[in-house]
Amino acid sequence: MIARSIFKELKLPIAREKGRLPIFFDFTLGNFPAEFKLPQFIHDVVSQTSDTIDGIILSPQSLPDTGLMGGKEIWVRADWTSALLPTNWGEKEPVVPLINPRYWAQRGISGVVGTLLLGNSSSNEADNIQHLASLRSQSLDIGLPMAIDLHVLKEGEDGESFIEIVELGLNLAVELGCDMVIVPREDCLASNQNIAKIAELPVLARQSLNNFTSEDQPSESWKTLFVKMDGIIFTDIHQWKQLIDNPRILQMGMKLLEIQPVGG
Amino acid sequence: MDGGIDIRMKRIFSAKDNRALCIACDHGLMTDPNKSWLQISEVISGAVQEKADGLLLSSGQISRFVSTYGRGCMPAFIVRTDWTNLLRFRENPDDKSKLLPVDHMEYRRLITAREVLYRYGGAAAIGFLFVDPDGKMESLTIKASRELIEECHEIGLPCIIEALPLTIGNPDTDPAELLRRGVQTALELGAEAIKMPLTDDIQYLVSTIHQAGKWVFVLGGGNLADENVFIGLMQQALSSGVDGLLVGRNVSQSQDPARLIHKLHSIVHPENKSVL
Chain F
1 MIARSIFKEL KLPIAREKGR LPIFFDFTLG NFPAEFKLPQ FIHDVVSQTS
51 DTIDGIILSP QSLPDTGLMG GKEIWVRADW TSALLPTNWG EKEPVVPLIN
101 PRYWAQRGIS GVVGTLLLGN SSSNEADNIQ HLASLRSQSL DIGLPMAIDL
151 HVLKEGEDGE SFIEIVELGL NLAVELGCDM VIVPREDCLA SNQNIAKIAE
201 LPVLARQSLN NFTSEDQPSE SWKTLFVKMD GIIFTDIHQW KQLIDNPRIL
251 QMGMKLLEIQ PVGG
Chain L
1 MDGGIDIRMK RIFSAKDNRA LCIACDHGLM TDPNKSWLQI SEVISGAVQE
51 KADGLLLSSG QISRFVSTYG RGCMPAFIVR TDWTNLLRFR ENPDDKSKLL
101 PVDHMEYRRL ITAREVLYRY GGAAAIGFLF VDPDGKMESL TIKASRELIE
151 ECHEIGLPCI IEALPLTIGN PDTDPAELLR RGVQTALELG AEAIKMPLTD
201 DIQYLVSTIH QAGKWVFVLG GGNLADENVF IGLMQQALSS GVDGLLVGRN
251 VSQSQDPARL IHKLHSIVHP ENKSVL
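Protein chains in written order, with our numbering: chain F, 1 to 264; chain L, 1 to 276.
These aren't lab readings, by the way, just hints derived from the structure by calculation.
A virtual CB, placed ideally from N, CA and C, is assigned to each residue, including glycine.
Take the hints with a grain of salt, since some may be wrong.
[Unchecked claim] Straight-line Cα separation of at most 25 Å, SDA-like style, residue types lysine to any residue; simulated pairs:
| # | chain 1 | residue 1 | chain 2 | residue 2 |
| --- | --- | --- | --- | --- |
| 1 | F | Lys92 | L | Arg108 |
| 2 | F | Lys92 | L | Ser97 |
| 3 | F | Lys92 | L | Lys96 |
| 4 | F | Lys92 | L | Leu140 |
[Stated by the list, open to error] Coverage of chain F stretches by chain L, computed from C-beta distances (three or more under 8 Å per stretch; other residues unrestricted):
| # | region |
| --- | --- |
| 5 | 125-133 |
| 6 | 162-168 |
[As the list claims (entries may be wrong)] Simulated DEER-style distance windows between Cβ atoms:
| # | chain 1 | residue 1 | chain 2 | residue 2 | range |
| --- | --- | --- | --- | --- | --- |
| 7 | L | Leu233 | F | Thr87 | 47 to 57 Å |
| 8 | L | Ser139 | F | Gln48 | 55 to 65 Å |
| 9 | F | Asp127 | L | Gly121 | 22 to 32 Å |
| 10 | F | Glu17 | L | Ser41 | 33 to 43 Å |
| 11 | F | Asn88 | L | Ser41 | 37 to 47 Å |
| 12 | F | Lys92 | L | Glu271 | 53 to 63 Å |
| 13 | F | Pro86 | L | Gln236 | 51 to 61 Å |
| 14 | L | Gln236 | F | Asp127 | 32 to 42 Å |
| 15 | L | Asp172 | F | Ser208 | 44 to 54 Å |
| 16 | F | Pro86 | L | Asp134 | 35 to 45 Å |
| 17 | L | Glu42 | F | Gln106 | 35 to 45 Å |
In isolation and in its complexed conformation, chain L is listed as follows (with noise of 0.2 Å):
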């Protein structure tokens, strides 16, 4: 691996057990406005507190919160790249829960992987790739995939692709089999790192990712009401192997979100910490 990048994945991932805890704050680019964005502060707060490993976050946040942490405290940052509309996606017009809702998808590229190494001192940057049946969105977020990678590349940049399985419109399709796709073109494409959801067959993903010699992060996937649900959900994602957890809305949603960071770093860390 590159020196740059070797260096820059240390500083996400604990050298005690190579393992990491990383809280994703960049939902307000992409979502409505809810609790979960006007709580940021204290999200962010209860990160830094904790003790999480990584941060995501957008460019308008890092700049934001850059100065509010003193020197040597703050996580590591791992930066959004893009911007998408998926989030705010109605399958069914019936559904009121959404503010403009859309009815297809759309997404760009916003930053660069040198603004997010020398402007905004990014561990990593982190990128979509949607795996649809139909290959529509795929082939777009391929494209941009492979450039960010081989711009992080350049300037010995991590790059973290975010794969996820779109069944929208789609209700027949195999969401696990889309993942897998996913998963593979994310590894020949030379990311660092997948991020993905947590499936049936985590432990063949995992597997499969280990051997290319990459990290795996699993996301929370969105706000679960039981907390207990969520942790356990977490904790079987740990022992099938994955290198690391990358949650945000479970996070941000909570009611005392520095609580369940702690409660999560005891699970991703547990020679430190034994709350549960």
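With the rest of the complex left out, here is chain F (with noise of 0.2 Å):
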């Protein structure tokens, strides 16, 4: 199943070992509660799940020492918006560059992470695609990887689906040249057949963990994604504290996580 061009740069080294999906933690989305001392945090969860995950992705300032990352893979976000924070969701907000691939790439980092927003207007779109652009030849100036995580605001008003605006993200994600790309949900598998499969661009699905505290486990839907996508990556880490402080739910946890492809 990790067939892809791009995954047999990466390191992935638990993937390869258990024969399953990379799974990747996403620590950037920005809505951590003020108490979080993230690189603290982000040592703690990397240190406890150190068997489980393949990658990280890190806001730039929350890049710990690359040493304790056991060879797994560091990729940073590149830019920042707070259209994707709560008190913002779904605002016309743009999508502001942040960092120099350049310099982190001289930090041991394995790729970037740029994000496209897509969905409520074209006011920011434009921008949003042109920092996509220079961001793309930037990376490869430095033979870095980038991926691109799409978010879909609000879906279209004249009622065009979820699926249709994952779609039009995925084409220009494949036109823009990007090794890999992060979609919303599970059921964008028909994006993921039509159009990352023609491109044989891996599509790794984004699922919050904050379904995850609960003791009845979506089991069922995150064995789908294990079945339908190249990979998972979760966000709202921040959850994963009270995963830790409950060593029951952390068991559980850990298991659904070892879940194995089907036909994979």
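Both chains are given apart, each in its own frame, so use the hints to dock them into the complex.
The structure is reproduced here in structure tokens:
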């Protein structure tokens, strides 16, 4: 299953060893409660999941000592937008470029992640696309892989479906030449087949850990993610603290993370 | 003409007849996902198989396809350097045909001429020049075109300017008049070739472009349901003296792209094939 070109270049030692799809934790969406000391929290989480996760996505300011990462993939989010904050969700906010990929490549990161917002207005879409094209150019200059993290802010006002907007984003990701794309939901399978498969572009599903704290876990839908996608990226990692505080849930979570792909 | 520019233009235009058949596959960057995009592999295979002279691609698509084909058999690459939401513009609020419709136009440059040449192995770069009655998009794209042409000329890369009249919101405006303005501007800016729609005064425009020592492509203009009508229009364009066809959606939405490319090849280079 892990056959697409970019994955051949990644480390992914745990996924390879266990014969399953890669798992990433995303620490970057900016909605961590203030009491979190992020670098320490990242260190704690990575330490406690070292046998499980293949990589992490970080904001540049959160990059811990890469020696702690034990050969895991470290991808850095290259931009910031308030449109993804809970207080501003879906607003017409710009995506602001943050990083110089060359600098971060020198610090040993594995790749960069650019944000693509679609679905509300074209007012910032043009700048967003130009930013992603620039990020692609800069990352290619130094041979650094690039992922696009696609967010659908609002479903269309005229009936266009969520999946169609995701397809539009996948189209753009391919045409801009990115190496990997992160999509929001498991029902993006149609897009995965129609567009990303044609382009042989790995598609990772983004899954919030918000649903992970109750005792009845959505295991079936998670299984779907593993079967149909090329990997999974968990967000809202601060919820992991509750898992750490509750060994039974943590155990259950770990078990879910080891779900084997069917027919992979 | 600069040596590098001349050499690269000759990679696009056939040495036998100074004509070119080029297939545009860059629509995925700017339109909704559709059948045209989903069969892009077939279109590119067809272009290679039928010996099209050029392929217009986005940078991402070149990276995907460049390893697919063997040495010496790829058409010359013409690389799209910019982006617009024009193809998603909805003039009528009742028009449900477009995904994520937009009500105002946007344009951005995405890659440099140096990337076209060095990173993607392009034989030419292409950018838009929009001509609108109020001059808003025109001023933006004139500036972008001038910058692109300068970048290209610094490194001996041909620059093709795609001149398009915009009559959106101004139905009384004469698109032919806007196009004449766009072609004249592109020539004055120093483009090596103009890509433009087929119009009634095509002969006048071709004559103007040729007098300036430049080349002219016509575009297909979307999906014509009747393939024979499309072929007829392209024949008319060639009879008017255009140097090449640069057509995309008519081919990519065809049920058999390779067969249509074969037909187009036979009218662009009639000495090689005759299928009509």
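Q. Taking 33 to 43 Å as the hint, is the beta-carbon distance of Glu17 (chain F) and Ser41 (chain L) inside that range?
A. holds (34 Å)
Taking 55 to 65 Å as the stated bounds, is the beta-carbon spacing between Ser139 (chain L) and Gln48 (chain F) within them?
holds (58 Å)
- May I ask you to test the hint 32 to 42 Å on the CB atoms belonging to Gln236 (chain L) and Asp127 (chain F)? Distance hint for Gln236 (chain L), Asp127 (chain F) holds at roughly 41 Å.
- Does the hinted range 37 to 47 Å hold for Asn88 (chain F) and Ser41 (chain L) at CB? holds (40 Å)
| message | Please check whether Asp127 (chain F) and Gly121 (chain L) have a Cβ separation lying inside 22 to 32 Å. | response | holds (29 Å)
| Verdict for Pro86 (chain F), Gln236 (chain L) (Cβ pair) under range 51 to 61 Å | Since Pro86 (chain F) and Gln236 (chain L) have Cβ atoms about 59 Å apart, the given range 51 to 61 Å holds.
Verify the CB-CB distance for Leu233 (chain L) and Thr87 (chain F) against the hinted window 47 to 57 Å. holds (54 Å)
Self-check item: Claimed coverage, the region 125-133 of chain F by chain L - three or more beta carbons nearer than 8 Å
Solution: holds (count 6)
With the threshold set at 25 Å, check whether the alpha-carbon distance from Lys92 (chain F) to Lys96 (chain L) stays at or below it. Answer holds: Lys92 (chain F) to Lys96 (chain L) is near 23 Å, not above 25 Å.
**Study point:** Three-residue Cβ test at 8 Å for the coverage of the region 162-168 of chain F by chain L
**Key:** holds (count 4)
Straight-line alpha-carbon gap Lys92 (chain F) to Leu140 (chain L), limit 25 Å = Holds, because 23 Å separates the two Cα atoms, which is no more than 25 Å.
Worksheet item: Is the distance from the Cβ of Glu42 (chain L) to the Cβ of Gln106 (chain F) consistent with 35 to 45 Å?
Response: With a Cβ separation near 43 Å, Glu42 (chain L) and Gln106 (chain F) satisfy 35 to 45 Å, so the hint holds.
In summary, the structure agrees with every hint in the numbered list given earlier.
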